[in-house]
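Asker: Mind docking these for me? Both chains are given alone in their own frames, and the hints should help you get the complex.
From first to last, the protein sequence lines stand for chains R and U. Count the first sequence with numbering that gives the first Met the number 0 and you get residues 0 to 286, in order. Count the second sequence with numbering that gives the first Met the number 0 and you get residues 0 to 273, in order.
What the hints contain is simulated information worked out from the structure, not anything from laboratory work. All C-beta atoms, glycine included, are put in the ideal place defined by N, C-alpha and C.
Restricting the straight-line Cα-Cα distance to at most 25 Å, the calculated cross-link-like pairs of lysine-lysine (PhoX-like) are:
{"hint": "1", "chain 1": "R", "residue 1": "K113", "chain 2": "U", "residue 2": "K161"}
{"hint": "2", "chain 1": "R", "residue 1": "K239", "chain 2": "R", "residue 2": "K268"}
{"hint": "3", "chain 1": "R", "residue 1": "K193", "chain 2": "R", "residue 2": "K268"}
{"hint": "4", "chain 1": "U", "residue 1": "K271", "chain 2": "R", "residue 2": "K113"}
{"hint": "5", "chain 1": "R", "residue 1": "K22", "chain 2": "R", "residue 2": "K240"}
{"hint": "6", "chain 1": "R", "residue 1": "K113", "chain 2": "R", "residue 2": "K128"}
{"hint": "7", "chain 1": "R", "residue 1": "K113", "chain 2": "U", "residue 2": "K157"}
{"hint": "8", "chain 1": "R", "residue 1": "K239", "chain 2": "R", "residue 2": "K277"}
{"hint": "9", "chain 1": "R", "residue 1": "K91", "chain 2": "U", "residue 2": "K161"}
{"hint": "10", "chain 1": "R", "residue 1": "K240", "chain 2": "R", "residue 2": "K277"}
{"hint": "11", "chain 1": "U", "residue 1": "K8", "chain 2": "U", "residue 2": "K271"}
{"hint": "12", "chain 1": "U", "residue 1": "K100", "chain 2": "U", "residue 2": "K161"}
Just so you have them, the derived chain R footprint on chain U, three or more residues with Cβ under 8 Å:
{"hint": "13", "stretch": "159-170"}
{"hint": "14", "stretch": "182-189"}
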Amino acid sequence: MSAVIDENLGSLADVTDGAISIKDVVKIYDPDGAAVMAVDHCSIEIPAGEICMIVGPSGCGKTTLLNAIAGFHGITSGSIHLDGELLCGPEKPQAEPGSDRIVVFQNGALFPWKTNLDNVAFGPMMAGKLSKEEIYDKARSMMADAGLSGNENNYPGEISSGLRRRVEIVRALMNDPKVLLFDEPYRALDSLTKSVMHEALLEIYYRNKVTIFFITHDLEEAIFLGHRLIIMSSRPCKPKKIVEVDIPHPRDYSVLTSPRFRELMNEAKDVVHEEATKAFEAGEKEG
Amino acid sequence: MSVSNFSDKLFSKAAMRGIFAIVVFVLIWEVGARSEQWFGYRFPFIGLVPPPTDVFVSWGGLIADPSYWQSWYMSFLRVFGGFAAAMVIGIPMGLLMAVNKASYGIIFPSFEVLRPIPPLAWVPASIIFWPTQELSIAFVTFLGAFYTIVINVLGGAKSINKQFLQAAQSMGASQWDIFRRIVLPATLPSIVVGSAVGMGITWEVVVAAEMISGGGSSGGGAGGGLGFFIWSSYVGGSYEQIIVGMISIGIAGYISSELLRQLGGLLTPWLKTR
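In isolation and in its complexed conformation, chain U is listed as follows (with noise of 0.2 Å):
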């Protein structure tokens, strides 16, 4: 992208209408935050939440202190961690599902029964057989993801069209062939929209675990991920500091999904074309 099409980017109808959405976002919310002390009558809900000048004060002051940058690192490490994991095991797993019936009979019930059990609630039962309180928590991010990406996954593949896999037999491909050449990319964008919907899963759960588990093995706010950071500046009365771990974990997630979005991009490049 070159710089002139970066500022057209920028400056494009689209974003100017995103960022006026911003700017006047964060007025009602400081005039709606400041109501007590300007008007003399506080709103409801929205009276008692800390101004968004006095989160970016305390914000810029966390800029510079090396802990809060250790949550965002730690709570990424997870994510990725889990993700990772759950990519490495639940695409191979969705696929053998679609294209062996065995599998699918001896997997397939099981997978249901455990699916519908939201991932914290694994929470206690993870620290206690997992061995560090990092692994137990990796493990329920993992669940977060997994269950997503095998649906979909075996979804994608079992929904190819039979005759993509007709011709393919008739120009003489082997089954090995069809699987690489047929099946997978066929189940590439269901890959890409699973592991787009997992990874957003991933952090709603590494946040709610971190808070569960209290921070890991490192313990305190250092080691603790954004998840902790919330908690621990919600322990201590810092209202500014909730607020700031809360845009920080939506800033984290939107970079992880747009890394994934172009990642997938340039996986599935005859999608862009439709």
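Chain R on its own, in the form it takes in the complex (with noise of 0.2 Å):
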């Protein structure tokens, strides 16, 4: 990958699109009288192509703010903006889902009965921009990039969950989103596998410099990953601490054993476990 060894891969100047602006989000669930607010007026402020971990313990309620960004969900009040322009606010509770913001999902969700290259290819097909011929040899010169070539013909079915999370964020990419919304995309798998991932997301990172909204609750991941940490509280989520990661990109496994690695970790793992112990003793459910 010598190609991509360069001083400006960890820079966000050159990236102009995808900066989210989160102001004030309150989201109140009332499923049956007994009102549950799980996100208390959240402001995050998301500059174009920086990778943003949101981190906390589970059921805080991140998800329902990826949902809203994505346009699944909609918000009580507040708002959300993408490079200006509001996704969601006081008169429009729901963004619209669009392919400008990509989700990756937890338990993935490649469609079983399209091949890995009819899956890549979904969103420009539906978009209906370009030819069929100049979507499929984008999407294989994608999945190749993606060290997926082999790949194409072969059902998610047939491919080991690792490389399904690779097929799925060349799909989301296909789609040139300014946005990608990562929902604990890793956390099935097993460490080792993990950290393959997480080289192979920086690699298409670098090539690819879009925004990344990265829902964790996994400290280790999201400091090798993120520009930055935000630690929400346990329910109702906001932010609790900002975590600058000052180690410059590009980044390969050796900063794991960095003493600034651990530095940040130790940073982060008191406030990360005190929320995590008030969301147990709460008996907070996953959520």
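Answerer: What follows is the structure in structure tokens.
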């Protein structure tokens, strides 16, 4: 990967699209009269091209925030803007889902009845802006870049879960999104596969810089990948502490053993542990 | 499938076990059926059944008889006619109920009241309101597969992973695209399962309907189908032919299910890879 070893890889200067502005967002679930506040006056500014890691205990309401950005759920009050344009706000509680914001789901949402190549080509085929040939050429070359050559005509069920996640990221990128929304995509992977996936994700990111909104409860993952960690309080969810990760990009797995990495881990750990304890004592369930 | 591949399959361990089991079954049957003749003591139940050798002799005589094959043909025609109608009406109905709340509200309650009525309970009514005997048999056969297909399609389409729909929506799929490219293929496995179960019920129903209604408009042994074949053998006192008819239905049902399995496999190639 000599082509991508470049000082500018971590720089956001050349990224113009994908700034997310979350202002005073509140989300109250009211299933049967018992109002539950999932998100409480949450404000986060994410500059274009940043890898922003949202860290918090399970069930703290992180996914609620992601669904609001993606347009799968509405918000109760506040507003979310993408590059200055309103996604959702007082007049419009729920954003329209769109190909500028693509979610990579926790359990994966590749269509099992389509081959990997057809999955990857799905978004542009729906958009209908390019010819079928152009789309499939692009899909093949994107898959090759992500180390997925040879898996084009397999079904997702035929490849490993690690490769499936990679196909899903490539499928997302085929839509030329401004933002990728990750909902704990590596949660179910073992730690060895995870480390390979992290490096692969960074490689893909260096090649196609988009804003990444990444939900996780794995601190090591968060510090290794992120420019910034937003540590959330347990329910209701709001930013509690922001950790700037000043380890320069490009990163590879050697940074895991660096002293700075350990320092950042320790800095974040206390806050996360405190919130996790609170969440545990409150008996919060997965959500 | 190449020839060597086929012979590998035929002589595989699994196939040998199956053949062995059938041979043992036939042997026990033969010994039991001839127990009075051989040991002077008639085994309970099995001692009254005609022995397999006699059944095979009788079968050998029937193979050259066109009216026996006519029975096969009639039953197959009724099964596939009723089954095809059940698919053509049942699949869209299940899908419609799954994606449209109003249709669900209108159709489902009546459907659930009609569903517990066994298809055979419909026989007298359908003889009354269908103009020909043939149509009334086909209608009862249709009912056998219809409910199962609708319920499976409805259940399958309703249990689609919501994230598939969200992902498709994010990638700009229209409502029609979502139906055609997500809902339909995601429901296909349930359609295949529902059809396989429905096909089994269809055979059960057609045979009973043929017996009750006396074999259809063409009358007699020729137009009666396998159900009527068994019934007329019973009335005529040819016990060997009863067994021939039963085994014929077993084989016919197996052929139908196998055809469906093969077709289902072609329609859902991604399931083979699991």
